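Chains as they are written, first to last, in the working numbering: chain A, 1 to 240; chain B, 241 to 807; chain C, 808 to 1103.
Since the hints were derived computationally from the structure, they do not count as laboratory data.
Be careful, since some hints might not be right.
To be verified - Simulated restraints, written as ranges between beta carbons of each label pair:
#1 C:Gly943 x B:Val331: 53 to 59 angstroms
#2 A:Arg76 x C:Val1089: 34 to 40 angstroms
#3 B:Arg341 x A:Gly88: 19 to 25 angstroms
#4 C:Val1089 x A:Ile17: 52 to 58 angstroms
#5 C:Val917 x B:Pro538: 37 to 43 angstroms
Claimed, not checked - Covered stretches of chain B, going by a simulated chain C footprint (3 or more residues, C-beta under 8 angstroms):
#6 696–706
#7 712–722
Stated by the list, open to error - Now the stretches of chain B that chain C is said to cover, found in silico as 3 or more residues with beta-carbon under 8 angstroms:
#8 335–346
#9 359–368
#10 465–478
#11 492–504
Quick caveat: nothing in here was measured; it's all calculated off a predicted structure.
Built from N, CA and C at the ideal position, the CB exists for glycine as well.
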Amino acid sequence: MSRLLAIDDLHAGYGAIDVLRGVFLGVDAGEFVAVLGPNGAGKSTLLRTISRYGTSLHGGRIRFDGTDLKQVSTERLVRLGCVHVPEGRQLFGTMSVEDNLRLGAFATNRAALARDLQAMYDRFPQLASRKDQPARTLSGGEQQMLAIGRALMAKPKLLMLDEPSTGLAPQIVEQIFALAGDLTREGTALLVVEQNAYLTLRHAHRAYVLEGGSNALSGTAEELAANPRIKEIYLGGSAG
Amino acid sequence: MLAAFAVVVVVFGVVARADAGLVQAGTYVAIFAPAAIGLSVLLGNVNQISVGQAGFFGIGAYAVGYLTVNQGLPFWIAAPAGIVVAAIVGVALGFIALRFRGHYLAMATLAFGLIAVGVFHASPLLGRASGITGIPFPQLGPLTLNGYPAYWAAWIVALGAALLTLIVLRGRAGRAFEAIRNDELAAEAVGVPTRFWKIVAFAYAGALAAAGGAMFAAFLGLVNPDAVGVALSVDFLLMVVLGGGGLVAGALFGAALIGFLNVAGHQYDNWREVVYGGLVIAFVVFAPSGILGAARAPFVRARRAAAAKAARAPSRAEGHGTSFPAVRAPSDEPLRVDGVTKRFAGLIALDDVSFALRAGTLTSIIGPNGAGKTTLFNAICGIGRPSAGRIAIGGVDVTGRRPHRIAALGVGRTFQNARLFDEMTVLENVVAGAPRAHGKDAAANASALLARMGLAHLAGVLAKDLPFGERRRVELARAAASEPWLLLADEPAAGLNGDERRRLHADLAALRDAGTTVLLIEHDMKLVMAISQRVIVLNFGKVIADGDVATVRNDPAVVAAYLGTAS
Amino acid sequence: MLQLLIAGLTVGSEYGLIALGIHIILRATRAVSFAQGEFAIVGGLIALSIVDALHVSVWIALAGATLAGFALGIAFERVVLRPAGRAGETGATIATIGTVFVLLYGHALVPSWGSEPHPFTPFWPSSNVTLSLSKGEPPLVIPAQSIWVAALLAVALVALYLFFERTYYGKAIRAAADNPLGARLIGIDVRSTRAISVGLGIALAAYAGTIIGPITLVGGAAGFALTIKGFVAAILGGLESPVGCVAGGLVVGVLEALVTAQFGNDVAEPIVYALLLVMLLVRPQGLFGRRDAVRD
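This is chain A alone, in the form it adopts within the complex (with noise of 0.2 angstroms):
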């Protein structure tokens, strides 16, 4: 069976210049597969990348379910049944939390919006209470919450996060891995991309280390959690 999402040998960056140099991932169906590294090791170039927004593809292939990607526009893809929570949520912060939520079904067939509304609601109880504020009244944890219950609106098969733990209380990040466990039980794919490294490991099945552009280290969770490599990849290596 090929994967949903298989990405190789990308090269990507911004103009001329390559910050993703050579990269290999692959996504399985239902998968939560999580990508880690240092700051400006590449991972959300790799995200804008993969959404085909603001950077510039130089090489390499991106393949989601069956489709490759470089013709693919940022539009396009959520039909296709990729999408992503962006680093700084981009949620429409003057329409209310309903309006934010009901707006992510766009690309779908829309015929069961209410019933897929109310579920939106049973799943963030939170979000159900201020669901007539406007969204940028909301804290940081509820709007990285409606941030996803947008993307869910757009039943996705993947559903990829940028750093969603940037900025937010412990609680609340150990209440959105969570409910990433309970996405991908129920079938949906994970692609995270998060800087908390042992947080994230405990959550996904696999993940990918990059360093500098490329692939450091991959694995199973719980082999990277035991390795010793990730904390000099994050905190600089024997030198000094």
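Go by the hints and put chains B and C onto chain A.
Using the frame of chain A, we list chains B and C on its own:
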């Protein structure tokens, strides 16, 4: 270019002398040219739009009308008075303009133009709707400047304005304008007082327009509100956009084109304006640098290509072993950050951060994304006042000072995304790094610095043509150009390859050895651990660890902040 | 006094609609349309031609002009705003000024339009509504056209409100204006929502230019002044606030009527423009706008 234009003016003046209509058309062009040159400086060199340029033209014209007709003063007193008034009003408009950019600035300047016309229109002293008539022709000794002599007089003024502008643009003002146009924030960070120079640009543009207005009143013998309305402001804009903003000869060319079409295209009324409108759209889309800019483009491209080729030639000196001139901080404590807190809309980016640096040391600030590192740099550099706390640089309290004043103390800065002045060459970038140095010295010092850093072969390359690694080094050179005793470097290693990192390491070490106190934000832990005497760790805006490399690396709080907790 | 108020509110309705169009286009494209008033003039002229050529009722002409405005708006976005937007905000602004020239002088070239204004068929044949307020005072005479303008303003506002607040696609357009990247990431084609927004903004101008036709005539060179009044209205009420734009338009209309009656037109114009500058300086977010992010 200007000389060629002057030749055309002279030839035209000689050839057309018998044809009063042509002479008049030529005079018109000269009358409108100074205002177009002024607007070209504003729009093309400082990137400030103005839809109110006719207001200044009107001030010059009405000053001459009122002072000569109502007060009986000679033109030679009235015209300078008008120019001075326009410059003062320009300063006022410049202050207003500081608060706006883009379309708000367009509306604010439009409002200025409308108010000026409204005042002319409503003022009984200025003749209300009918304006002022019977303005005497200027006398120059026995010569009355009217008709054919007026052509020459007007062109002497117009070409004089062009020459003056060229001289101004070649000097410090020009360098400041160019830096502002390329990147306002970076301009401030290298010590360019951007607000001051923007106001200067508005005043200068206003003064030039008033000079044109004064000639208008004197040579036509009348002025009324309709003649100096918004339509004229739009005409000036048209001249600059068609001719090429930022190029003195472009503005002259645009003025000549519109001036002649206005006179010669009389029978094509309406069609002519429709074509103007279409041309403006087409030029904005296809040739934003105007006719002259488009004509020059092949030469500019050739020069760029040549510079880029020369840069690839194998003449490159080794960058290792770079040495910088010794500097000394004015106090043992080049930087003290005291209880600095910064809040943005409910979010605390910096929470009671305190530390002090010893002179001549290299300290790194590390921390996860969003920890507040760049916010701290900005606060130190004067970009965004801290919500609480004080910052002292070299023993001087600088809390709330403008960035250019902080830079002027002797503080250099590089940015996370290498903010070079893209449309300037490498040499010009480095020259701009020392905005207070004088002309020749500035260029010589900058060349010497580039040579020391092994970058001399890049001197003529446009910054936007540089590969990323070299952009970083050029930015460092620009920051070093003012010989700072405190250097703040924001992620200088990001995006660099191994060789480039080693070079950066050598450069930073050399700067430190020259006495510069270096504060580094960096994610490349190998570099941080190898180069730093001290490491400060921020997380959620708070200092969570502060000490030497080994201490910090083994601090459990630091490990948890970076990798999470393993439990 | 009341008479002046009514006259002011009537023209103010037009200013408000112009401002609202500027607002919608700004939200979607980040460009300020200097051509808004010219589009209103052209819209009125299109309505005039529909009545003259097809001998249909003014209502059909109004619908036709509005639709034509929408089409012109789509073209304006495609030909001017989108390509010029790549040259930055200043470039886009200059390009809309170029569009002013094309429309202002271009419409004068159309043989049946010319550069002079034309009278336009009233929407309602009867002339006035007379109200007796109290004994002894002269009765209040409200021109029927003013009532129609007010009613048609209300119709436009209600329709826009329903579209943007109640329909799914209307919300998607708002979302794309609010956060274009966020919109693309959920599959909204931001380029087409932009084009439709500009279409709506220009349709609104054409609508405004038509409904005011019976009162102010259609055609002529008044378009740029109209744009500027629209700016004043938008800045007064808040360029980022739709309600503010309309309210600002009404305020500017009334103010202009009162000052003109008191001091004459020569003084009214500069006062209105000075208001623009003062508002820009003192409260650039407008009377009704809120100041985002400055909540320290």
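For each hint, the structure was consulted:
| no. | hint | result |
| --- | --- | --- |
| 1 | C:Gly943 x B:Val331: 53 to 59 angstroms | holds (58 angstroms) |
| 2 | A:Arg76 x C:Val1089: 34 to 40 angstroms | violated (47 angstroms) |
| 3 | B:Arg341 x A:Gly88: 19 to 25 angstroms | holds (23 angstroms) |
| 4 | C:Val1089 x A:Ile17: 52 to 58 angstroms | violated (45 angstroms) |
| 5 | C:Val917 x B:Pro538: 37 to 43 angstroms | holds (41 angstroms) |
| 6 | 696–706 | violated (count 0) |
| 7 | 712–722 | violated (count 0) |
| 8 | 335–346 | holds (count 8) |
| 9 | 359–368 | holds (count 4) |
| 10 | 465–478 | holds (count 3) |
| 11 | 492–504 | violated (count 0) |
Hint compliance for this structure: hints 2, 4, 6, 7 and 11 are broken, all remaining hints hold.
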